[in-house]
Every structure is written in structure tokens, then in C-alpha cells.
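Student: Can you build the whole structure from these sequences, using the hints too?
Residue numbers (our numbering), protein chains in the order written: chain R, 14 to 242; chain Z, 4 to 106.
Note that these hints are calculated values from the structure, not bench results.
Worth double-checking, as some hints may not be accurate.
Unchecked claim - Cut-off 27 Å, straight-line C-alpha distance, at most; resulting in silico cross-link-like pairs (DSSO-like, lysine-lysine):
(1) K102(Z) / K152(R)
(2) K152(R) / K92(Z)
(3) K92(Z) / K74(Z)
(4) K92(Z) / K149(R)
(5) K102(Z) / K141(R)
(6) K74(Z) / K140(R)
Claimed, not checked - A short list of chain Z residues far from chain R (calculated; beta carbon distances all over 12 Å):
(7) G5
(8) V22
(9) Q39
(10) V45
(11) Q48
(12) N55
(13) I58
Model, not experiment: these values are computed from the prediction.
Backbone N, C-alpha and C fix where the C-beta goes; we use that ideal spot for every residue, glycine too.
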Amino acid sequence: MFAQSRRAVASVARWARWNSTVAESSTATSRVSMTPQGPTIDGITESELSAQVINGRAIVEPYYHPRTHNIPAAIIHLRSHHPHLLDLFTLFLKHSASALAIPISRPTMLPTQRSLWTVPRSPFVHKKSQENFDRKTHKRAVKAWDTDPEVVERWVRYLQMHSVAGVGMRVVRWERAPVGVGRQIVDSVRAQLGEGETSKEQVVKLGRKIVEQELAAVGKEAKAVQKQA
Amino acid sequence: MGPKPNARILRDISAREMVKQNEVARRAYLYVARNQALPPQVRYQAQLQLNNFHIRTRPSCVRNRCTESGKGRGIINEFGLSRFQFRLKALAGELPGVKKASW
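Tutor: Rendered as C-alpha cells:
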């Protein structure tokens with residue numbers, strides 16, 4: 014029994030090292046080696062490690078990747094009437110984010126919403142004898158930073174695929190738009206509407222035309238003067 | 004399996020259907036009748052047309068009723084149930100998360 018537990022400790026330690034290669038790369042590089050299947054640590058590939066049964070892997074706190082640029086990418090709200098299911102799914106969410114190298118915050122405990130109802134016990138009259146009912150809505154929020162929108166999309170789809178019945182999820186995403194996106198939108202709308210130039214542009218164009226005509230007239234006069242001379 | 008239909012439940016169902024069918028026409032006549040920019044003659048005619056609609060086409064004729072028992076009073080909106088049906092269902096554990104409370 015003792016030997017088994019020691020083995021379990023060793024495998025958990027190896028798993029923890031797998032999840033902390035980003036943080037302590039300087040110390041981990043000595044153990045990491047490349048093979049055709051990908052990087053290995055202590056001669057075990059990542060897929061092999063994932064296939065292993067490690068007792069207690071799920072109760073270990075995941076590795077939280079450090080934020081690199083502090084740019085918000087998404088915020089996930091979870092809510093449920095059952096706190097145990099909610100905690101289970103929150104744990105799954107944390108571990109999946111860690112596996113996808115998404116820097117996330119610690120899950121925030123949002124205030125629990127409590128709805129109360131008081132109804133008479135009887136179907137008719139007897140208001141003095143009533144019964145109280147309540148429903149609690151427990152909430153958690155997790156923020157994610159510095160992640161490509163596609164990775165966020167895959168993470169959310171993975172969470173939806175393994176969603177727990179009785180736990181609701183709402184995702185708010187923030188994406189970076191290129192510089193000048195507002196001008197592009199305005200231009201595309203104007204193209205769709207079929208509008209030409211604005212009055213300002215028309216004035217400028219007409220002004221240039223007049224200047225050209227005047228210059229041409231001046232040039233003709235000059236030539237005529239030269240011919241006469 | 005809903006409640007056993009009685010006259011009030013059937014009246015409510017009929018009202019909901021008639022309101023849905025005549026909603027656009029009613030709103031249009033109401034818009035004309037209340038538009039102060041239009042001549043009084045037109046507005047008066049629109050008002051007369053509004054009066055010609057069946058009484059069950061009025062949205063106020065629709066009333067929330069219990070989906071289990073058809074009761075018209077004491078409805079808890081969140082579940083669409085009357086207070087007694089709510090109690091029965093809550094005690095049977097059929098409403099997710101609803102429990103007996105005490106404070």
C-alpha cells in the first residue's frame with residue numbers, strides 16, 4: 014500500500030512538472046527531449062501521460078499560466094442551483110484552460126441569488142398556515158487573457174461538449190479589430206448604399222477642374238502672345 | 004396533459020388566438036386614431052373601426068392561467084403555476100432548485 018502511494022505521488026509529481034514547463038523552463042529543459050511523437054519528460058510523451066490513470070489528478074489545483082500582455086480575451090459566467098455540480102464544472106474549466114495554456118483568473122464567487130416564495134398550504138383560504146420555499150442561484154466567473162479567438166472558441170466548444178446538466182454557462186468574448194475598422198465599415202456601407210462622393214469631395218474635385226481649366230487658358234494665351242510676337 | 008378544459012380556459016385560448024390574428028390591424032387603427040397630425044374625420048373613423056373589433060381581440064382580454072389546473076388567480080409567473088400547484092410540484096421536487104426554506 015505504501016509503495017503504491019509512493020508511485021502515485023511520483024506520477025502526480027511528473028504530471029505537475031508537465032503542467033509547469035512554461036513557468037520553470039530553465040529547470041525543466043534538462044529533462045525534456047524531443048522525439049518524433051513530440052516532447053517527452055522522463056521518457057514519457059504527453060499523450061502517454063494523458064492516458065495514464067493518476068489517482069487524485071483532478072483534485073490537484075491546475076497550473077495557472079501567467080498573463081503575458083494583460084489583454085482580456087473572454088469572461089465565462091457559470092450559474093447553477095447546485096453548488097457541488099458548479100464546483101465540479103469549475104474545476105473542469107480550470108484544468109481545461111491550463112491544458113490549452115490559457116491564462117485565467119481564479120474563479121470568482123459572485124453573490125448567490127436567493128428567490129423566496131411564501132404560499133398558503135391549502136388550495137383554498139386558511140391564509141394563516143403558509144409554507145416557505147426558496148431557490149438559490151450560485152454563480153462563478155472566470156476571466157481569460159492573452160488568447161487567440163480561435164483557441165477561446167475551441168475551449169468554449171470543449172466545455173459545451175462536456176457540460177454538466179444543471180450548470181449554465183455564458184461566455185463574453187472580446188476580439189481585437191485592425192486599425193481603421195470604423196472607416197472600413199463606413200466605406201462598405203456607403204458602397205452598399207451606392208452613394209458617390211460627399212459634398213466636400215465634390216467641391217474639391219470641381220475646384221481642381223477649374224484650376225486646370227484656368228491654367229490651360231493661361232497657357233493658350235501665353236502661346237498666342239508668343240506667336241503674335 | 005394539461006388541465007381539464009372549462010369555459011374560462013377555452014375563452015382564454017380563443018382570446019390568445021384572436022389577439023395574435025388581429026394584432027397588426029388593431030395597432031394600425033390605433034396609430035391612426037391617436038395621430039394628431041391627421042384630420043379629425045379620419046381619426047374618428049379609425050376609432051369607430053377599433054370599436055368594431057371583437058372584444059377578445061383586445062390584448063387586455065388575455066390573462067395568465069395556471070398550466071396545471073387552469074386557475075386564474077394567484078399565479079407565480081416564473082413557473083406559470085397557481086400557488087397550490089407550485090407547492091405540490093415544489094414538494095415533489097419537480098421544480099429545479101426549489102426547496103423548502105425556513106428563516
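Student: Each of the hints needs a verdict: does it hold here or not?
Tutor: Going through the hints against the structure:
1. K102(Z) / K152(R): Since the Cα atoms of K102(Z) and K152(R) sit roughly 18 Å apart, the hinted pair holds (cutoff 27 Å).
2. K152(R) / K92(Z): holds, 25 Å
3. K92(Z) / K74(Z): holds, 15 Å
4. K92(Z) / K149(R): holds, 17 Å
5. K102(Z) / K141(R): holds, 21 Å
6. K74(Z) / K140(R): Measuring from Cα to Cα gives roughly 18 Å; hence the hint holds.
7. G5: Given that every Cβ of chain R is farther than 12 Å from that of G5(Z), nearest at about 18 Å, it holds.
8. V22: Fine: 29 Å to the nearest Cβ keeps V22(Z) off the interface.
9. Q39: holds, 33 Å
10. V45: Since the minimum Cβ distance to chain R is about 35 Å, V45(Z) lies beyond 12 Å and the statement holds.
11. Q48: Per Cβ check, Q48(Z) is outside 12 Å of chain R; nearest 39 Å; holds.
12. N55: holds, 41 Å
13. I58: holds, 30 Å
No hint from the list above goes unmet by this structure.
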